[in-house]
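Chains as they are written, first to last, in our numbering: chain F, 1 to 126; chain A, 1 to 457; chain D, 1 to 488.
Check the hints yourself; a few may be wrong.
Claimed, not checked - Simulated pairs of lysine-lysine, DSSO-like, Cα-Cα distance not exceeding 27 Å:
id: 1; chain 1: F; residue 1: K110; chain 2: F; residue 2: K31
id: 2; chain 1: A; residue 1: K155; chain 2: F; residue 2: K107
id: 3; chain 1: F; residue 1: K110; chain 2: F; residue 2: K122
id: 4; chain 1: D; residue 1: K161; chain 2: D; residue 2: K204
id: 5; chain 1: F; residue 1: K110; chain 2: F; residue 2: K36
id: 6; chain 1: A; residue 1: K155; chain 2: F; residue 2: K110
Everything labelled a hint here was simulated from the structure, so no lab data went into it.
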Amino acid sequence: MHSLGEIFASHFNYIAYVAIMMVGLYAMAAKRNLIKKIIGLGIFQTSIMLLYVSIGAKKGATIPILAKGATAIRPADYINPLPHVLMLTAIVVSVATLGVALALVQKLHKHFNSIEEDEILKELRR
Amino acid sequence: MPVAISALVFSAACAAVLFMQVLSTGSQTYLLGGWAPPWGISLVVDPLSALMLLVVSVGALLNLVAFSFTPSKWPLRKTPAFLGLYLLATAGHLGIVATGDVFNLFVFIEVAALSSYALLSLGGRRATFASLNYLLVGSVGASLYLLGVGYLYIKSGSLNMLDIARILTTMPLSTTALTGFAVLMLGLWIKMAVFPFHAWLPAAYASASPVTSGLLAPMTTKVMAYVIVRMLITVFPQNFLSAMLGFSSMAVWLACIAIIAGALLAIAQQDLRRMLCFILVAEVGYMLGGAFLGNDTAMTGTILHILADAAMTLTLFMAVGIIVARTGSSRIRDMDGMFTIMPVTMLAFTAGALSMIGVPPFCGFFSKWYLISGALEAGHWVFAGSLILSSLVNVLLFFRVFERAFFRQPSTAAVQGTGNWQQLAPLCFIALLLPAIGLATGGIVQQIIQPALQGVL
Amino acid sequence: MLISESTLPLLTLLAPLLAVPAILMARNPNIREAFTFLAGFLLLGTLLLMLPGVLAGNTPEIVLFPVIPGAPIALRMDPAGMLFALVASVLWIITTAYAIGYMRTKQEQNQTRFYAFFAVSLFATMGAAMSANLLTLYLFYELLSFSTYPLVGHHQSDEAKSGARKYLTYLVSTSIGLALPALLVTALLSGTLDFGGAPLLAGKVGPSAGAVLLVAFLLGFAKAALMPVHGWLPAAMVAPTPVSALLHAVAVVKVGAFCAVRVVTEVFGMEFLSSLGLGAIITGLAAVTMLVSSFTALTQDGLKRRLAFSTIGQLSYIVLGIGMLNTVAAAGGILHIAMHAFGKITLFFCAGAIYVATGEKYISRMGGIGHRMPLTMLAFLIGSLAIIGVPPTGGFLSKWLLLNGSLLGDHWLLAGVLVVSSLLNAAYFLPIVYKAWFCTPAEAQHTGPMREAPTWCLVPLLGTAALSVGVFFYQETLTTLATMAARF
Numbered sequence: 001m002h003s004l005g006e007i008f009a010s011h012f013n014y015i016a017y018v019a020i021m022m023v024g025l026y027a028m029a030a031k032r033n034l035i036k037k038i039i040g041l042g043i044f045q046t047s048i049m050l051l052y053v054s055i056g057a058k059k060g061a062t063i064p065i066l067a068k069g070a071t072a073i074r075p076a077d078y079i080n081p082l083p084h085v086l087m088l089t090a091i092v093v094s095v096a097t098l099g100v101a102l103a104l105v106q107k108l109h110k111h112f113n114s115i116e117e118d119e120i121l122k123e124l125r126r
Numbered sequence: 001m002p003v004a005i006s007a008l009v010f011s012a013a014c015a016a017v018l019f020m021q022v023l024s025t026g027s028q029t030y031l032l033g034g035w036a037p038p039w040g041i042s043l044v045v046d047p048l049s050a051l052m053l054l055v056v057s058v059g060a061l062l063n064l065v066a067f068s069f070t071p072s073k074w075p076l077r078k079t080p081a082f083l084g085l086y087l088l089a090t091a092g093h094l095g096i097v098a099t100g101d102v103f104n105l106f107v108f109i110e111v112a113a114l115s116s117y118a119l120l121s122l123g124g125r126r127a128t129f130a131s132l133n134y135l136l137v138g139s140v141g142a143s144l145y146l147l148g149v150g151y152l153y154i155k156s157g158s159l160n161m162l163d164i165a166r167i168l169t170t171m172p173l174s175t176t177a178l179t180g181f182a183v184l185m186l187g188l189w190i191k192m193a194v195f196p197f198h199a200w201l202p203a204a205y206a207s208a209s210p211v212t213s214g215l216l217a218p219m220t221t222k223v224m225a226y227v228i229v230r231m232l233i234t235v236f237p238q239n240f241l242s243a244m245l246g247f248s249s250m251a252v253w254l255a256c257i258a259i260i261a262g263a264l265l266a267i268a269q270q271d272l273r274r275m276l277c278f279i280l281v282a283e284v285g286y287m288l289g290g291a292f293l294g295n296d297t298a299m300t301g302t303i304l305h306i307l308a309d310a311a312m313t314l315t316l317f318m319a320v321g322i323i324v325a326r327t328g329s330s331r332i333r334d335m336d337g338m339f340t341i342m343p344v345t346m347l348a349f350t351a352g353a354l355s356m357i358g359v360p361p362f363c364g365f366f367s368k369w370y371l372i373s374g375a376l377e378a379g380h381w382v383f384a385g386s387l388i389l390s391s392l393v394n395v396l397l398f399f400r401v402f403e404r405a406f407f408r409q410p411s412t413a414a415v416q417g418t419g420n421w422q423q424l425a426p427l428c429f430i431a432l433l434l435p436a437i438g439l440a441t442g443g444i445v446q447q448i449i450q451p452a453l454q455g456v457l
Numbered sequence: 001m002l003i004s005e006s007t008l009p010l011l012t013l014l015a016p017l018l019a020v021p022a023i024l025m026a027r028n029p030n031i032r033e034a035f036t037f038l039a040g041f042l043l044l045g046t047l048l049l050m051l052p053g054v055l056a057g058n059t060p061e062i063v064l065f066p067v068i069p070g071a072p073i074a075l076r077m078d079p080a081g082m083l084f085a086l087v088a089s090v091l092w093i094i095t096t097a098y099a100i101g102y103m104r105t106k107q108e109q110n111q112t113r114f115y116a117f118f119a120v121s122l123f124a125t126m127g128a129a130m131s132a133n134l135l136t137l138y139l140f141y142e143l144l145s146f147s148t149y150p151l152v153g154h155h156q157s158d159e160a161k162s163g164a165r166k167y168l169t170y171l172v173s174t175s176i177g178l179a180l181p182a183l184l185v186t187a188l189l190s191g192t193l194d195f196g197g198a199p200l201l202a203g204k205v206g207p208s209a210g211a212v213l214l215v216a217f218l219l220g221f222a223k224a225a226l227m228p229v230h231g232w233l234p235a236a237m238v239a240p241t242p243v244s245a246l247l248h249a250v251a252v253v254k255v256g257a258f259c260a261v262r263v264v265t266e267v268f269g270m271e272f273l274s275s276l277g278l279g280a281i282i283t284g285l286a287a288v289t290m291l292v293s294s295f296t297a298l299t300q301d302g303l304k305r306r307l308a309f310s311t312i313g314q315l316s317y318i319v320l321g322i323g324m325l326n327t328v329a330a331a332g333g334i335l336h337i338a339m340h341a342f343g344k345i346t347l348f349f350c351a352g353a354i355y356v357a358t359g360e361k362y363i364s365r366m367g368g369i370g371h372r373m374p375l376t377m378l379a380f381l382i383g384s385l386a387i388i389g390v391p392p393t394g395g396f397l398s399k400w401l402l403l404n405g406s407l408l409g410d411h412w413l414l415a416g417v418l419v420v421s422s423l424l425n426a427a428y429f430l431p432i433v434y435k436a437w438f439c440t441p442a443e444a445q446h447t448g449p450m451r452e453a454p455t456w457c458l459v460p461l462l463g464t465a466a467l468s469v470g471v472f473f474y475q476e477t478l479t480t481l482a483t484m485a486a487r488f
């Protein structure tokens, strides 16, 4: 078995993403302010992007652009671009989500004059 | 409006043609941008997904036609925007069904979801709040799906469904892939409103405008169930489920809880639309349990139930939506004498209700038949019992409504205007489809489901 | 012949259904009822066309929808089904005539709805009679429950609503809760649900599992009203009398008994049941139901309620007959489906006629009514005799076979039960007749001169009374069918 330290060192990116994810989840679950919840969601999504980005990375590798005239291509020299490209899409998606969420909050603010969840709930029950 | 309807007619017609083609000549693949898989994104349509495409596009069309002729108390003030979102949501769901690429599937999930959030928020302030909650929960679900895809990519290096399946079968089981499987499923469960994650569904669908819930209630959960089925039969090799017996048995137990909880919560509702939403929560349990029981019969039942539930939910939500649009209320106590006021609508509602209860020859009976048979085959008595119990509760729920609607005199205030045939024709069409699908069960199983399941499970 | 034999069952099935749109469209009540008659005669005609073939041993068969492997939706006309369908269709025509008199005189609301659902119920009954497998039988069984619900609650009063609710609760919760699981287990064990081959479960279950399945089937098909699932039948008496007469003395309850027959003969098979020693479960349930319901009937003052409890007891004769697991008793039980139908429908018609003419529902207020309505009470007497089993009525034939069968199988106790029960039948019917004519002037609530119910009510009830006697003399067809049915 690997020691705890080894696991920590070799799986650093995993631990980081899980930690960040939990921060986001906490914000979504525990905060009453709707904007803070949305920020939590953003953190949550970002943590997953971090994972994708980290799995594409390689030590000492460079961006996958072939120099003119290069003949022998060693895969180890280049990072894997696909996860990064995927995350471009995911970022677009998350921005769109953020936009929709903010629009909804704005609408709620117009209706309730508040962005606190408990106040809105109180208003709705009345 | 005419543009939107003609677009949907075109889409439905294409789906029908495609369905016929696929049935006669086998699967069709379209490569986006001409890149060959596994690098490029492909759209793959086999008989099963062709059927789903047909269901989604026809459902969206019927719903829009019915409500575009319904005088509603929710005037669609932002009509072009609304229709755009409506079409976008439909396109998203169609994309989910058609794609052969797991990351592309995520994108389509978000396309469908984002337009759904916006659509759902168009029903007043309560709807806006519910929609924001749905957004938060739904995004987490989609993110978890994405995370699961990430793990699969780490292991297989591919995003194409068939390619992943090929690679995964060649390598030994690994914790990474299994984790990916579990996280991915968890994400889909959240999007599908499986019991502990169900709270967004009744809140969002019951407060939205009738046309929106008529579109999304039949569609979203069913398409998600389809994704689960697709993952189980196409992407993941069969040793995954057997390696994770604990996981799948948990899923079935979760399904039992969902069915029972959905049924009990439905009894407590005073509002017809909320009641239907909780029944939907129970129905989600049917599909989840059937998918994870791990035998062909139950999987057949699940696929049948996706189809059946889409049709009957559409019928019920459309009928109730038309009632709401006419009388402005969906409270159960306002249903007095509804059979006298709106006989055709109520007849369609009855058809949907009987199908939900599981009365032959309506389609709900046959899917339930396969599900229970599968549960018995697997020796899972509790799941079989939950299904039976749910049927019994549905009898109670619907006949509570019928008793008022049939035997009481209508309150005079409720009567205003008469129905027009443009709204009733789609409703009647879908209501007549219920027994038709039921009686065609044999053909559907033989032509579509069995080929899809061949060599799987 | 223009129509091939195998499409005849389909025509039979569709005849009542075709009447439904016609009934709904008809603007004029006379046209509406004419359509009902038309459908009735069409139905009877198709049955009579099939009759010679069935008597010759043919079983016309047609597969409609192959929905589930081993269990398509299919129709098949066999002797037992023929017997039942014949009785139900003849009585439908008579009941329609009676309903015209009853409903118009009482000026009931929503008559169109009434006739429409009546036709749907008949459609379901025919389907059940001609089911070629358990799935089809279940389909029409459920359809019958739901299509009779609006008929039971027809009056829309609070009492009617609670009666209808009880009716549906009993029937649907048992069919979904007990019969459907039993059905599924059977399908799983045998792989098919088709009738007419080897019994489905023969050799596939042990005694204990067999007992559980048997009880689930018998109680699950609660329309047979075995105790403890009999409570819906008295509750259903809130319905208008034509409904009680045709549905709750003939169609609905006999579908239940018919299901019990199918379960014993086709699902388990008599030989297999006797090898498991499970006959006692059936006969035990039936015997208890028979005695308890007969005693309960003695205490009922509402005439229709007394008739309902009598029906519960008489249904148990059918179940008892097949439960004794020999062909003679089984033939008696199956024959009793027909014989009881003629007798009991007469009694219900009489109860309705009395209600229409005088407004009385309670036995204690019927003293001297024979002077006012002599023909009705004469028919009532004949009906009673048919139920008790006195020759020359049809009831004698079936009870004779039942008694013979019980002695043949050395079921001395059951023979005793049959005799006692018949005595009880006499004890709860004959006093009504006696009081109707022979009571002291002080007791008499009704006196002459003769004022009968309207002709449309009177003629049908005299007709069924005549039928009860007639089948004693022209018994051959029915007895042959019953014997053929019991041979399986």
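Here is what the structure says about each hint:
1. K110(F) - K31(F): 21 Å, holds
2. K155(A) - K107(F): 43 Å, violated
3. K110(F) - K122(F): Answer holds: K110(F) to K122(F) is near 16 Å, not above 27 Å.
4. K161(D) - K204(D): Distance ~44 Å between K161(D) and K204(D) Cα, so the pair is violated.
5. K110(F) - K36(F): 18 Å, holds
6. K155(A) - K110(F): 48 Å, violated
When each numbered hint is compared with the structure, violations occur for hints 2, 4 and 6.
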